[in-house]
Amino acid sequence: MKTIRLIAITVLAVTALTILGAHYLAPAGYEQQFRETPQAAPSMHHLLGTDELGRDRWARLLYGMRVSLTLAPLAALFTTALAGLVGGIAGYFGGWTERCCKLLIDLFLSVPWLFLLITVRAVLPLNVSPEASVTVTFALLGLLGWAASARVICAGAKDLMKSEFVWMARASGFSGLKLIRLHLMPNLRGALLAQFWISIPVFIIAEANLGALGLGVAEPLPSLGSLLRELQDSVMVRPEPWRLLPLAVLIVVISSFQVLLNKQEIRN
Amino acid sequence: MDLLSVRLTINYKDKPPVLDELCLDLRPGEVLGLVGHSGCGKSSLALAILGLLNLKGGKARGSILWDGHELLALKEKEWRKLRGKVISFVPQSPMSALNPALRLGTQMNEAWKLHGHGGSDHMEESVFQALRDVGLPPNEEFLRRYPSEISVGQAQRVLIGMAIMHRPALLIADEPTSALDAVTQAEILALFGELNRKLGMSMLFISHDLVSAYGLCHRIALINAGKIVECNTPQAIFFSPQQPFTKKLIAALPTVPSPAEVEQALRYNTF
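So the sequence lines, in the order shown, correspond to chains A and B. Every letter in the first sequence is one number past the one before it in the numbering used here, and letter 167, counting from 1, is 167. In short: position in the second sequence from 1, add 1000, done, that's the numbering used here.
These aren't lab readings, by the way, just hints derived from the structure by calculation. One or more hints might be untrue.
Stated by the list, open to error - Example chain A residues on the side facing chain B (calculated, C-beta under 7 Å, incomplete):
| no. | residue |
| --- | --- |
| 1 | A22 |
| 2 | F165 |
| 3 | R170 |
Here a beta-carbon is modelled for each residue, glycine too, at the ideal position from N, C-alpha and C.
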């Protein structure tokens, strides 16, 4: 168990360094085109070859990780916090508070958000910078993604409020914030973490799909999502298996996070 | 003067009352057994004395006099000062009454912080004292454990330790031994008796088991159909029961079989 944790720490440290030092590690800028060698195979020059436009894939992966692996966890954190707040309040207070929160959750689950996203795109100026566009996209994802998780948290909190140890805590004089901090939060940790982990890859992929609407990361800025979208061209994956590397990176990084933060669950 | 004097009617929503003008008095330093079958409203009475009945959707009418003060007129904030400090509670199933996600030390420290005053030295001393009081090892190693790492008997001792940490005047124990095996049960009952003598606190011992109440309680009150049927010393209850309900209960007690009975049973038991 210790070695796995050590590996996970190493992976995350390396990832963090790569994200921070993308400037120095990348052999070329993410938008720089090598027009004489498009679609090149990996070589000393281009570690992962080049894409159709002759851009260095390795450089694009480094910069793509920087965009996605900072913004997606931030959005996931925000959405989980929101889910915890709404779900927790609903479960803790019950009664009409719970009904109001459930109404809000149902509303968020049933409204077709695609139209909101299209509207947002229409409101944004056409010449908006890729950085601004990607930030807005992840902010929206974070703002909209909480409803399903909030339901899970609400159900969990409600169960906990009925549990024997919460009654016992009340009988010893606990109430309000102290009760939430000591008796609800530690026991909802698992559920919240699960929601958090699910949200990260979902957001990364969602961002890639939103590219079709002109939201998300605009060319030439790369993101893990836009790199993953290249995998849709499945015919090209077999002759060029190095295209799978972004996917592998995503899996490894998320698994490492999970190994590190889930020690509580392993014990139980 | 009585420490606690209860005249209470309890009902849930619009259903008929579980307890119907039940009258109960508890003297200082006394252990009062409250015996009745499951679902007769014993636990509702405990919740009402702790001021938690409304959370379960129950409604209490009448009066609960504590040292001459009316508890039912208290505000939630005042209740909170009583719970765990003046009136504390030991629950039925020790394993599920401890928070599985927290170390025992954290739970005991937090329980101390609710009503205790002073620095962390003082807290540590109180926690260790509570552990000594209930016969648990007063060391850091034990406090670092999680509830899943101790036995049921130890868990019940931890809960009793948390309940007596602030030296309450009244300890309400709601079926504290029914989840335990016979040996542990006897140990816990002996512990209750010892704590009652040492700390001089009153106890309301709620149980469906007349025998476990016999050795511990100074008086036993039997509940049936929402009322106290008979309230007397254990000797009187066991050897000269007055009411038909009490007689029925005594007659239903299991007995240790005599050698002749065992032999007869074995004779028919042909494997």
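Verification of the hints:
Checking A22/A against chain B by beta carbon gives a least distance of about 39 Å; that is not within 7 Å, so the hint is violated. The interface hint given for F165/A holds, since its Cβ lies 5 Å from the closest Cβ of chain B, which is under the 7 Å cut-off. Against a cut-off of 7 Å between C-beta atoms, the interface hint on R170/A holds, since the closest Cβ of chain B lies about 6 Å away.
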